[in-house]
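Enquirer: These are the residues of each chain, in order.
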Amino acid sequence: MDFVSLFNTITPADIAEFIRQGQEEHLHLDFKRIANADMRTRDDRRNFACTLSRFTNSSGGLIIWGVDARKNAQGIDCASAPAEITSLRQLISRLNALTGEAVSPIVDGVLHKALETALDTGYAITLIPESLTGPHMAKLGEDRYYKRSGDSLYRMEHFDLEDMFGRRQKPELSLRLRHDRTQHPTKNERKCISACSTMDVPSPSTLAFS
Amino acid sequence: MHFSLLNNGRAVAKHAGFFVKFENAELRHVIGLQNVSHLNPGQPSVCYYDDRTVVHPNGISMHARHVIFHRVNACQDVVLNITYYCEDMKFRSDKVPLPSPPLTTARSSSAT
Numbered sequence: 001m002d003f004v005s006l007f008n009t010i011t012p013a014d015i016a017e018f019i020r021q022g023q024e025e026h027l028h029l030d031f032k033r034i035a036n037a038d039m040r041t042r043d044d045r046r047n048f049a050c051t052l053s054r055f056t057n058s059s060g061g062l063i064i065w066g067v068d069a070r071k072n073a074q075g076i077d078c079a080s081a082p083a084e085i086t087s088l089r090q091l092i093s094r095l096n097a098l099t100g101e102a103v104s105p106i107v108d109g110v111l112h113k114a115l116e117t118a119l120d121t122g123y124a125i126t127l128i129p130e131s132l133t134g135p136h137m138a139k140l141g142e143d144r145y146y147k148r149s150g151d152s153l154y155r156m157e158h159f160d161l162e163d164m165f166g167r168r169q170k171p172e173l174s175l176r177l178r179h180d181r182t183q184h185p186t187k188n189e190r191k192c193i194s195a196c197s198t199m200d201v202p203s204p205s206t207l208a209f210s
Numbered sequence: 211m212h213f214s215l216l217n218n219g220r221a222v223a224k225h226a227g228f229f230v231k232f233e234n235a236e237l238r239h240v241i242g243l244q245n246v247s248h249l250n251p252g253q254p255s256v257c258y259y260d261d262r263t264v265v266h267p268n269g270i271s272m273h274a275r276h277v278i279f280h281r282v283n284a285c286q287d288v289v290l291n292i293t294y295y296c297e298d299m300k301f302r303s304d305k306v307p308l309p310s311p312p313l314t315t316a317r318s319s320s321a322t
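Protein chains in written order, with the numbering used here: chain A, 1 to 210; chain B, 211 to 322.
Any given hint might turn out to be false.
What the hints assert, rightly or not - In silico SDA-like links for lysine to any residue, alpha-carbon gap of 20 Å or less:
id	chain 1	residue 1	chain 2	residue 2
1	A	Lys170	B	His225
2	B	Lys305	A	Val4
3	B	Lys300	A	Arg168
4	B	Lys305	A	Leu6
5	B	Lys224	A	Ser174
6	B	Lys305	A	Arg176
7	B	Lys305	A	Arg181
8	B	Lys231	A	Lys113
9	A	Lys32	A	Glu142
10	B	Lys305	B	Lys224
11	A	Lys170	B	Met299
12	B	Lys224	A	Gln169
13	A	Lys170	B	Asp260
14	B	Lys300	A	Arg181
15	B	Lys305	A	Arg167
16	A	Lys170	B	Ile270
17	B	Lys300	A	Asp180
18	A	Lys113	A	Ala97
19	A	Lys170	B	Pro267
The hints are simulated quantities; they were obtained by calculation from the structure and are not laboratory data.
Take the sequences, apply the hints, and build the full model.
Expert: Structure below.
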């Protein structure tokens with residue numbers, strides 16, 4: 001399952017399963033815990049800005065807030081314990097407010113979602129798409145460019161930036177289907193039943209015809 | 211089934227094309243596309259390729275013609291295995307099921 005589909009379908013039970021199985025962090029997945037839901041501490045703000053910058057400068061990804069990730073016995077960074085967030089709605093509101101300030105230029109399409117396990121308590125998840133307009137600088141006191149490789153954070157070098165600024169613009173093609181459905185009449189019927197539906201084929205995703 | 215291409219990117223899409231393999235379908239008419247079923251034994255398939263025009267990133271879909279097909283087994287889904295591509299974009303594949311419509315009788319259709 002790609003990370004966009006995971007963002008759309010994830011439930012608190014899935015996160016509990018990640019913790020139970022010791023899900024590893026990877027190119028498109030990061031676990032974070034926060035000190036305060038108001039995101040006032042310097043560490044929380046910088047953490048958010050760096051992660052936003054590194055995901056959008058790489059190939060996008062998900063941040064799951066409210067999970068403690070530590071190295072396990074084999075030295076692998078993985079989900080180890082829940083660190084559920086109280087005042088979840090406040091966190092979502094703060095994340096929405098900070099998204100516009102955390103990186104420069106602003107990233108389009110960043111989404112935040114609350115996953116409640118109890119009233120106003122639980123996890124949050126952030127979807128960060130890959131940007132076509134990068135590179136994006138982490139702000140909120142950081143003022144550096146980052147990228148992600150594997151489960152690690154790298155400060156971008158001069159040649160990385162040179163490459164990104166000079167990168168050729170790319171097309172993003174999608175295919176649209178329109179199904180005109182006609183049910184031909186049988187001998188005894190006089191009506192021809194017709195229906196029409198339209199759908200997009202985005203990618204990569206799980207599709208359902210509507 | 212009508213096919214159209216849309217460019218949501220930031221550069222023109224050159225050499226755009228797609229390939230569609232149908233399951234549980236029989237092609238009746240292929241209009242503006244190439245019927246390549248003979249190259250894919252036993253499986254109805256069509257392809258589209260345009261090396262003369264580009265798809266501009268302007269939010270306007272470019273209609274790439276259509277096919278008329280017949281559902282072989284009325285109770286089963288028709289499945290479209292789609293691959294599409296253009297220059298400077300990695301090819302993308304997806305599987306699109308078209309659910310079989312509910313069976314309609316003359317009486318129920320006149321009621322609706």
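Enquirer: Would you check the hint for B/Lys300 and A/Arg181, treating anything up to 20 Å between C-alpha atoms as holding?
Expert: violated, 32 Å
Enquirer: Is the Cα-Cα distance between A/Lys170 and B/Met299 20 Å or less?
Expert: holds, 7 Å
Enquirer: For the pair supplied as a hint, B/Lys300 and A/Asp180, confirm whether the alpha-carbon distance does not exceed 20 Å.
Expert: Outside the cut-off at roughly 30 Å; violated.
Enquirer: Keeping to a limit of 20 Å between CA atoms, is the pair of A/Lys32 and A/Glu142 held or broken?
Expert: holds, 18 Å
Enquirer: Has the given pair, B/Lys300 with A/Arg168, been kept, meaning a C-alpha gap of at most 20 Å?
Expert: holds, 15 Å
Enquirer: Holds or violated: are the alpha carbons of B/Lys305 and A/Arg176 at most 20 Å from each other?
Expert: Answer holds: B/Lys305 to A/Arg176 is near 13 Å, not above 20 Å.
Enquirer: Starting from A/Lys170, check that the Cα of B/His225 is at most 20 Å away, please.
Expert: This hinted pair holds, its Cα atoms lying about 13 Å apart.
Enquirer: Would you mind confirming whether the straight-line C-alpha gap from B/Lys305 to A/Val4 stays at or under 20 Å?
Expert: holds, 17 Å
Enquirer: Taking 20 Å as the top limit, are the C-alpha atoms of B/Lys231 and A/Lys113 close enough?
Expert: violated, 37 Å
Enquirer: Hint check: B/Lys224 vs A/Ser174, CA-CA at most 20 Å. Holds or violated?
Expert: holds, 13 Å
Enquirer: Would you check the hint for B/Lys224 and A/Gln169, treating anything up to 20 Å between C-alpha atoms as holding?
Expert: It holds: about 13 Å lies between the C-alpha atoms, which stays within 20 Å.
Enquirer: Do the alpha carbons of B/Lys305 and A/Arg167 lie within 20 Å of each other, as the hint requires?
Expert: Violated, at roughly 32 Å.
The earlier numbered hints that this structure contradicts are 8, 10, 14, 15 and 17.
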